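K.L.:
Sequence:
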Amino acid sequence: MWKNCVYLVYNLASVVKNPVFLGGLRLCKSGKSYPHLLITLCITLFGLFFRGIMDTMSNDYFDTNDFVKTWAKMLKLLPERGNTSISTVSFESIIEPLEPLYARDGFFVLQAPDTWIREIALSRYGRQIEDLLNEFTGLSYKLNILAGDQAAEIPAETAHNAKNTVLTENGGLNSKYVFETFVKGKSNELAYTAAVAVAERPGATPYNPLFLYGGVGLGKTHLMHSIGNAVLRRDRDKKVMYTTTENFTNEFVTSLMKNNNQGFRNKFREIDVFLIDDIQFLSDKEGIQEELFHTFNTLYNSNKQIVISSDQPPKELRAIEDRLTSRFGNGLIIDITLPDFETRTAILRKKAEQEGIVVTDEVTLYIAKSIVSNIRELEGALTKVIAFARLGNASINLTLAEKVISDFLLNKEKKEVTIDLVIEVVANYFELTVEDIKGKKRTQNIVYPRQIAMYLSRKLASSQSLPLIGRSFGGKDHSTVIHSCDKVSGELERDIKLKSTLIDLENEIMLRCQI
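Positions 0 to 514 (numbering that gives the first Met the number 0) are the ones given, in order, by the sequence shown.
Worth flagging that the hints you see were computed from the coordinates, not collected in a lab.
Each hint should be verified, as a subset may be incorrect.
Straight-line distance between alpha carbons at most 30 Å, and here's what the computed DSS-like set of lysine-lysine pairs gives [claimed, not checked]:
#, residue 1, residue 2
1, Lys314, Lys284
2, Lys402, Lys368
3, Lys439, Lys496
4, Lys185, Lys368
5, Lys498, Lys437
6, Lys498, Lys458
7, Lys238, Lys175
8, Lys141, Lys75
9, Lys175, Lys141
10, Lys185, Lys314
11, Lys303, Lys257
12, Lys68, Lys175
13, Lys238, Lys266
14, Lys141, Lys72
15, Lys458, Lys439
Pairwise CB distance ranges, derived in the manner of DEER restraints [unchecked claim]:
#, residue 1, residue 2, range
16, Gly391, Leu364, 21 to 27 Å
17, Lys402, Arg322, 51 to 57 Å
18, Gly391, Arg200, 47 to 53 Å
19, Glu492, Gly391, 51 to 57 Å
20, Arg268, Ile356, 44 to 50 Å
On a predicted model such as this, the values are computed, not experimentally measured, just so you know.
Every residue, glycine too, gets a C-beta built ideally from N, C-alpha and C.
With the hints as extra help, turn the sequences into a complete structure.
P.N.:
Structure, rendered in structure tokens:
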């Protein structure tokens with residue numbers, strides 16, 4: 000209601016500033032007014048003011064904080080507008096799967112289930128969506144569409160917002176992530192059971208904090224949101240807060256800039272359930288670690304529930320203070336691993352059921368056997384098969400699935416390991432810069448990582464010659480590369496720590512190639 004009042008006042012102000020009204024007012028003051036002129040001015044005033052009232056009563060004016068409803072309204076208009084017609088099949092396969100993330104800083108950002116749908120939506124219908132959006136809102140927005148975790152697709156000035164603004168209501172929770180849509184299996188059964196127990200008795204179980212860790216796309220975030228949503232369903236008065244470490248960091252920095260530290264602390268220390276995602280990004284952020292340490296202690300000592308996720312267990316988190324990692328281990332630490340074949344099959348069946356699509360066991364089993372990396376890619380593969388069937392007006396059969404999945408796997412195989420990627424990953428791991436690795440300094444803390452980077456470049460970037468590897472390391476001779484590789488290979492036989500380091504680095508490099 001208050002928004003309507005503000006909008007009404009705005010329209011009244013526009014009437015008062017209208018050139019016709021101001022011109023008539025000057026004529027009246029000069030004594031040159033006539034009855035018919037006064038009548039004209041009155042009619043003008045009434046007409047403009049009436050338009051303001053009608054605009055105010057309309058539900059079509061845009062509220063930038065209500066982008067979810069805005070997108071829902073646009074979906075109803077989109078098939079009927081624009082120069083490019085959108086068929087029912089295309090609309091259901093390409094447009095409807097898009098979900099609104101946020102509207103801010105001149106960007107209206109949507110999220111697609113996978114890169115294929117993103118590319119089709121942008122290339123075929125991007126301009127159409129953008130034109131309707133700007134016509135609908137009366138503002139000038141730039142459309143962007145993300146696929147999965149591709150935060151790099153967002154312009155730098157808004158990149159930090161993408162993952163953290165799925166929904167702003169209900170403590171940042173996504174209502175689509177609930178226990179009912181989570182598929183249990185051997186790989187996640189313990190995590191699921193602990194999450195349910197925490198949701199039923201937050202802060203009153205031995206699982207405080209609950210620490211979930213595992214690779215990308217294995218369901219950690221789904222479980223965290225499920226806990227928050229279940230708590231709120233039981234008690235709407237509970238204060239639940241879901242955030243990512245990146246968002247926590249950004250809000251802390253903002254509070255410092257605005258000299259509002261107390262407001263920040265009140266927000267995060269006066270809640271009943273605190274869910275913080277991707278804790279590994281605390282590395283090297285001393286000020287944020289200090290703030291989280293005190294936030295953790297305040298909540299923990301008040302018997303408030305804390306749930307944390309990471310890609311690594313607490314003891315393996317690098318550049319994070321021991322006093323923090325020791326507290327992460329006070330409760331229950333659970334590893335979520337890759338789903339087995341049976342779980343992958345169940346996930347696909349659940350996904351098809353949610354989409355209202357009939358998929359034969361033959362197709363489901365084939366996809367489950369072919370995609371083993373993570374749940375996100377598994378569901379993305381099924382989405383792509385469904386989309387191809389709809390767009391081609393074909394049935395979902397094994398022949399179609401084999402074609403789509405073979406293309407899917409071929410595209411993944413095309414992503415080669417580059418020398419630059421190896422150098423970047425090694426530099427980050429050893430807390431150095433790329434320039435350190437490529438430079439001429441010969442201190443031990445640089446030479447050792449440089450030799451490891453050369454060894455991994457020769458092993459993983461196998462299409463690159465020794466001279467090219469040498470040139471990529473600041474113009475080193477190929478004999479230097481050979482010496483470095485032989486040195487690492489020789490030490491690998493007897494150095495267990497080096498072997499563990501190389502495994503970690505290889506996993507990180509291969510993961511970066513898949514994203």
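K.L.:
Below or equal to 30 Å on CA atoms is what counts here, so check Lys68 against Lys175.
P.N.:
holds (16 Å)
K.L.:
Given a hint of 51 to 57 Å, does the C-beta separation of Glu492 and Gly391 actually sit inside it?
P.N.:
holds (55 Å)
K.L.:
Is Lys238 within 30 Å of Lys175, Cα to Cα?
P.N.:
With a Cα-Cα distance of about 19 Å, the restraint between Lys238 and Lys175 holds, given a limit of 30 Å.
K.L.:
Holds or violated: are the alpha carbons of Lys185 and Lys314 at most 30 Å from each other?
P.N.:
With Cα atoms ~24 Å apart, Lys185 and Lys314 stay inside 30 Å; holds.
K.L.:
Is it true that Gly391 and Leu364 lie within 21 to 27 Å of each other by Cβ?
P.N.:
About 22 Å separates the Cβ atoms of Gly391 and Leu364, which means 21 to 27 Å holds.
K.L.:
Evaluate the given range 44 to 50 Å for the C-beta pair formed by Arg268 and Ile356.
P.N.:
holds (45 Å)
K.L.:
If you draw a straight line from the CA of Lys141 to the CA of Lys72, is it 30 Å or shorter?
P.N.:
holds (18 Å)
K.L.:
Quickly compare the C-alpha distance for Lys185 and Lys368 to 30 Å and report which way the hint goes.
P.N.:
Holds, at about 17 Å.
K.L.:
Between Lys458 and Lys439, does the CA-CA distance stay at or below 30 Å?
P.N.:
This hinted pair holds, its Cα atoms lying about 23 Å apart.
K.L.:
For Lys498 and Lys458, compute the direct alpha-carbon distance and say whether it is at most 30 Å.
P.N.:
Given pair Lys498, Lys458 holds - Cα atoms ~14 Å apart, limit 30 Å.
K.L.:
Confirm or reject the claim that Gly391 and Arg200 have a C-beta distance inside 47 to 53 Å.
P.N.:
holds (51 Å)
K.L.:
Can you confirm whether the C-alpha distance between Lys402 and Lys368 stays at or below 30 Å?
P.N.:
Status holds; Cα separation ~15 Å.
The structure agrees with every numbered hint stated previously.
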